[in-house]
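Going line by line, the protein sequences match chains A and B. Per my numbering, residue 1 is the first one in the first sequence, and the count goes up by one each step. Per my numbering, residue 1001 is the first one in the second sequence, and the count goes up by one each step.
Read the hints as simulated data drawn from the structure, not as lab findings. Everything numeric in this text was worked out from a predicted model, so none of it was measured. Backbone N, C-alpha and C fix where the C-beta goes; we use that ideal spot for every residue, glycine too. It cannot be assumed that every hint is accurate.
[What the hints assert, rightly or not] Per the computed footprint, the stretches of chain B lying under chain A, defined by three or more beta-carbons under 8 Å from a beta-carbon of chain A, are:
id, region
1, 1043-1049
2, 1076-1085
3, 1379-1389
2 protein chains.
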Amino acid sequence: MSSSTSNLVALAAWIGLALAVPTGAVAQSEPLTARDSDPNVMGWMQGFPPPPDKIITQPDSVYFSFPKLRWSVCHLREFLPTEEISRGLDAPVPLDYPAPHDFAELRRQIDAVTFTPQNSDEEMTWEESLYANYTDGMLILHRGEVVYERYFGCLDEGGKHAIMSMTKSFTGLLAEIMVVEGTLDDTALVADIIPEIEGSAFATATVRQVMDMTTGVKYSEDYSDPNADIWLYSRAASPLPKPEDYEGPEGYWEYLQQVEPEGNHGDEFHYKTINSDMLGWIISRVSGQSVTELASDRLWRPMGVEQSAYQTVDGNGVPFAGGGITAGLRDLGRLGQLMLNEGEINGERLFPAEVVEKISAGGDRSKFGAGFPTFGPGSYTSQWWVLHNDHGAYAARGVHGQTIYIDPAADMVLVRLASYPRAQNGFIDPTSLPAYQAVAEFLMSRDE
Amino acid sequence: MSSSTSNLVALAAWIGLALAVPTGAVAQSEPLTARDSDPNVMGWMQGFPPPPDKIITQPDSVYFSFPKLRWSVCHLREFLPTEEISRGLDAPVPLDYPAPHDFAELRRQIDAVTFTPQNSDEEMTWEESLYANYTDGMLILHRGEVVYERYFGCLDEGGKHAIMSMTKSFTGLLAEIMVVEGTLDDTALVADIIPEIEGSAFATATVRQVMDMTTGVKYSEDYSDPNADIWLYSRAASPLPKPEDYEGPEGYWEYLQQVEPEGNHGDEFHYKTINSDMLGWIISRVSGQSVTELASDRLWRPMGVEQSAYQTVDGNGVPFAGGGITAGLRDLGRLGQLMLNEGEINGERLFPAEVVEKISAGGDRSKFGAGFPTFGPGSYTSQWWVLHNDHGAYAARGVHGQTIYIDPAADMVLVRLASYPRAQNGFIDPTSLPAYQAVAEFLMSRDE
């Protein structure tokens, strides 16, 4: 394989990893444990220079392979061009914490919470689940106060972590804000907003179908097929200079102009990342702002975050609206709290409550299908996952186990950043979703 | 030329642009004026997508060519992998400003200050000099207070700008702090600190010679010679995947291990960027921290800056200690104020006053040579330029006109960020150094 081919494969792999591949549990050889694969234990990138076998470099088939992945999720900007999601220049608004003694006691209590994983008879403790799922950061807010905060592996309070497909929920939230505020018509056809999409299957989809991923668009992710769309998309999206003989589309937006139809718009939910990038283009065209500018102006600056976030870009400087964001744990907690408070934070209203009411109500459950058995019979709307459980929970989700999990009944926001060896939430949900429910119930019991 | 060759040439050009090439004024066809080449006027990267002829992309022979350069100096991270120089999580410490009316009046007065450029009989106003030099940002602090602040082109108060060779002064300051604090012996030979440099001409140089760029090392920058060292260095430093047939050194540090001698160590000052990268390696090896971590821990966090800065990296994740930093205008003003206050800022001492005393005293003037006629008979020490004028001024300097200019006699710090069409301070000094002196004298006259 030539180096340029191998680079393309690597980039394709990275794009692929940004997807939440639907799957059940699959037998596979055991990877290193969370403790053994801790990047500090592995010794990646320590020393000046590190020993040759401890240096992590391009291409992404190397830097984003497990266990190197566990270091790279905190260091994506060191491999790729990025755009800032600016926090602005003001002082951050601190989060609320209990008194230190109470905080330590809460951690002890939460670590001891037990639950039973899906398809298992054996109880597991909350703390055990953190290691089972290769957690890098865990933050829990209850009634607006941080009740639990731990860092592992590559992450600390001053660091940032790739959030992968949780990026989609940023894009979807920004779009929903525009819909509710009346600047974006979600019944419009995509071609009415972006005329140059005319030759693409997206042309005749509505904005809402793009937001909810019920478009009928062809996008195959069969890694064994060299002509699979995932490869073509990855080549197009690569920010590195293209090979001389490259004749494919340049960047996310040229790719989207040549997507072919598959099925009918509106029929069914199909989790395809190209919808998120289509939505990113739509909201940029309508607003006259990039998704990074929108996220900064509507969310990051007014939320009073601690750290600017960033987003990877393609070769034309277009941010990856389907998976490119890296951010700090606490700042993602602030976003979750903003959602839980239905658009209010720090005493200010950032957008109408209707935005969150629509998202948390969920999408059309009849279209969800059976592709996500570990997640359950939920729905997907405005690029958010809705559980339709008795707590009214909904979530942003990224592969390798990232989540912002919002539980309105428990008045709880939970953020998890992780580097699970396999890029499939189907492996992670069995020991995370029951754990989230258990910790929510524990916190509710505090109220009594 | 193949695409990979052209990319290498482009990267070489970028490295080259990071150097302050010594030159006098040279006749050349007139480029667009500052107003006509303003990136907002040119319309670069506006629209979703921008028109094809307004998109700025790789390689750097494109994105870093004038007039595109005037946009790209504010957007380097969108083209290159980078590492953060973190501001930490605390609230920034605001700069002091006069009352708005006084501030406006000061701007009016400073804009009207006149001076006579070098080799000219015609007076120029301060404000005219800003346009003559393609200024993107100008900040002046007097007695610790901001008396002048203006933004042009791609820059605004929330933005950041490439500082090119001013990066060297960060590296040199960090080294001088370590020397004065006793953790780095500047009389040691480089090979005593980094044994693997043994086969390089650097091996027998002292740390001080590296700091002052008086090493006898071969490093040619003849762009017309395809075997010039600048090309080899640029290939080594490229963070993009190497061509399959590439057999040269990988990254800054492998390159430095094969530098050949030229002249004798200690004889003369020769402005060669490889010294700065050698110094970056030395202080990283000794401290166990990367230059980005050092800059964050010793400068950026304790200074209470507003924005994290960033630094480009090579393919091994090594920051470009000779030219890779991008930062905000006001934060560079804070660094200048820290120097003017001899190590104190916000009521805290960050390093001993001796650090600044040594730098501002200058280096050995007899070794400076005649290579910088527009700068004058100064000196270079610890990677800072010392004017040896009657104000005791010294400066960090980068090509395209960047400077932190510290005038102790006038109690003035001046920061300029710019995107002059030519990568040579020899074109810029004639209308900037006399202007800085004039504004210093104006500010001193306020004291009377």
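- Message: Hints numbered earlier in the text: which of these fail when held up against the supplied structure?
- Response: 3
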